[in-house]
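Got chain G; can you put chains Y and V on it based on the hints?
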Amino acid sequence: MGNITLEKVQKKFGETEVIPPLDLAIEDGEFVVFVGPSGCGKSTLLRLIAGLEDVSSGEIRIDGKPATDLPPAKRGLAMVFQSYALYPHMSVRKNIAFPLKMAGLNAEEQNKRVERAAAVLNLTDYLDRRPGQLSGGQRQRVAIGRSIVREPAAFLFDEPLSNLDAALRVGMRLEITELHERLKTTMIYVTHDQVEAMTMADKIVVLRAGHVEQVGSPLELYRNPRNLFVAGFIGSPKMNLMTGEHAARHDCTTIGVRPEHMRIVEEGGTFTGRIIVSEHLGSDTFFHVEIPGMDEPMTVRADGEIGLRHGDTIHLEPEARQIHRFDEKGLRLA
Amino acid sequence: MATQHSRAAARFMIAPSVIVLLLWMAVPLALTLYFSFLRYNLLMPGENPFVGWENYSYFLTDPAFQTAIVNTLILVLGVLFITVLGGIGLAVLLDQPMWGTGIVRIMVISPFFVMPTVSALVWKNMFMNPVNGLFAFLAGTFGMAPFDFLTQAPLASIVGIVSWQWLPFATLILLTAMQSLDSEQLEAAEMDGASAWSRFWYIKLPHLARAITVVVLIQTIFLLSIFAEILVTTNGGPGTASTNLTYLVYAESLLRFDVGTGSAGGVVAIILANIVAIFLMRMIGKNLDA
Amino acid sequence: MARAVPNSRKAINTAVAWTIAILIFFPILWTVLTSFKTEATAIADPPVFLAFDWTLENYTAVQERSDYFRHFWNSVVISLGSTIIGLIIAIPAAWAMAFVPGRQTKNVLMWMLSTKMLPPVGVLVPLYLIFRDWGLLDTRLGLVIVLTLINLPIIVWMLYTYFREIPVDILEAARMDGAGLASEVIYVLTPMAVPGIASTLLLNIILAWNEAFWTLNLTAANAAPLTAFIASYSSPEGLFYAKLSAASTMAIAPILIMGWFSQKQLVRGLTFGAVK
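Chains as they are written, first to last, in the UniProt record's numbering: chain G, 1 to 334; chain Y, 1 to 290; chain V, 1 to 276.
In isolation and in its complexed conformation, chain G is listed as follows:
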């Protein structure tokens, strides 16, 4: 159905290697998220799978069949673009029907499928409007509608939520997750937002400068980041990283403790410092603590009702089992 394999896939633009040879297996029905900072090659990787870019070497297989040299139209994939890429001169109905028309379906069948997709996506009332008359969220739904009607082997999403405002983003995140639950079709989703990655993915692929840093389920990445980059990228707020004597005590170069694994103690504690900023979110409070001898303030997550304030002295003790240890190359030590 929808398994996709990349074997030694490499991409160069002229002399610059954007993606060094890379292997990746995506199982049928999986929700895979490519995540990484901007410029890490995640969009390029998606476009290689889509066929919108040529691979420089290596092989792509879709459903076990070689697809490396197939044009995008023949790969049986559907894509939702960051800009939505709706056809401005066509009504919503025609936009959604376009892939069906290209597949040569008759008008009756086209109409049936469009109506069904529109009902699922709450677009029935807007079918005769032009994209220009829709809100951002509605356009996003049309783009999704256009991709689901032809029942592709896999969906490709290229940062689909980044043009929406914060509230809509959360809503659409849920809708896409629901859609995946219902359709059980392979989805590949590109984002730079680790929250989207954590909440939506079955499997996360963390990329940096074209390299795959780690592949795993969200919780695997959270619990056992393979290196400092993944440790810092996954989790919000970011993991606190410490070097020098603190790390030496644990026989390694760097240790990392997530803000939620720092306990506030009455007295003593491994770290003592002064609160420089406290952010009250209601449910939680984040303290940024200045600790003598450390370059960066340490972040601590505490209960929302805690009574400490700016300027107070605070004593901290990391939970012993939640300390991550890294060697001089930044790799995780067991």
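Hints are computed from structural coordinates only; laboratory data are not their basis.
All of these numbers come straight from a predicted model, not from anything done at the bench.
Ideal Cβ placement from N, Cα and C applies to all residues, glycine included.
Heads up, a few of these hints could be off.
What the hints assert, rightly or not - Listed below are the simulated BS3-like cross-link pairs for lysine-lysine, each with C-alpha atoms no more than 30 Å apart in a straight line:
id : chain 1 : residue 1 : chain 2 : residue 2
1  : Y       : 286       : G       : 12
2  : V       : 10        : Y       : 204
3  : V       : 106       : G       : 12
4  : V       : 264       : Y       : 286
5  : V       : 106       : Y       : 286
Said to hold, decoys possible - Here chain V is said to cover these stretches of chain Y; the calculated rule only asks that three of the stretch's residues, wherever they fall, bring their Cβ under 8 Å from a Cβ of chain V:
id : region
6  : 25-34
7  : 89-99
Just chains Y and V now, with coordinates in the frame of chain G:
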């Protein structure tokens, strides 16, 4: 951003344009250059011997050439001066709130669409004619003697006609540029206490600088080649009083049938036009990256 | 800028602008009016503005005496022909340059522009001789060829600037939706590019219609379009003001109307995208 397949297709699709333009440019240019070194007169059939720089020295030392250069300069600079100043003024005016903007705009740009031969004839006969022209009538009502524009001030009259044709162009482009000015900039200046005049001088005019340069360069290209207006009104005369470089080359080649000298003149015209073109191309080239 | 402007200021603006606009437009208006006068009224002293017996006799006279519509038809064939051939050559080129830009694209565009800077008089002699030898002098075919080549750079440039405004995403979306190159061009690109192609067509018809260097130098009686035909009025016939006006009115009317409709696109076309 593209696949190899599409790149090959792209080359194939660009080819026809490039090939026809290459032929269009290279063949006549090479021939002009070649003829300019021959003694070649259509009225004297026979050998066309190679004569080196003779045609050039003949063309460049001809008193008509110097007159033509001066006339060309007067024509270009005169029209540029009138159209750019007038264009800025009209652009500022049309940018103001008023009733009937659409109709005013249409009336102002209309002369640009009138073919050169028509505008030259209409001005020559119906306005500048010393007997039946409207100007003669106007002079009469003020008790003045009618003025024979095209005989007594041929070049100035042509400058006037050509300015009428090109004023709409300058106005239209400057107005478009003016309207592309971000209104927040003007509002910010107003908050900073700038008067209407300061806003024009310090914000609008600098914003127009680029458009003014474009107007100057593009008009220069066209004004260097003014031909029909002269042919129809004065035939370059009286004498050579209104002969520009283009008209002189035309006269040499197609009236006196001296292909050699005409070609030498053509080469001179190309060199002069290139000097302007280089500046224009730089400006447009910069814009390509934006 | 949602502030009210005092009506008094608006009135002053309006008065000044209308006065200047009418002065600028007056020669055209006067020509049109004169075309409906008799020859005697046309040169009446004092001139008559509106209160005259309107007549169409000049229009019929112009046609009868000089076969006006043949020249009109020449203008139509030459301007339409050169523009359409130009579009056929230019659309693929502009498409390729806008959507598959390579390292040389910018240079090719600039080079095309540079051919437009060539003063016509620089190549007048060889072209005249080539036309003479190939029997193209005073033929519509010859003029169509020359005007196609003259305006090709403008056509490529205008189309290029319009095509570049079509987001590549949308074409890629079509590819993902299963469209091949042909479907992509027919169903997606062309409908989105139609306004741009139409403005390009319009502006180039205008430019070709009014071109008055090659049309004057390469035609005589047969293929002469209106530019050359009107020029023949510079000799004594020009003194027949009413007939000159009638011929002129018919020559400029279609283009004037097209120009009014395309004024916005004109700027982009004439400045090669340097002013938008």
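Of the hints given before, which are not true for this structure? As far as the earlier hints go, not one is violated by this structure.
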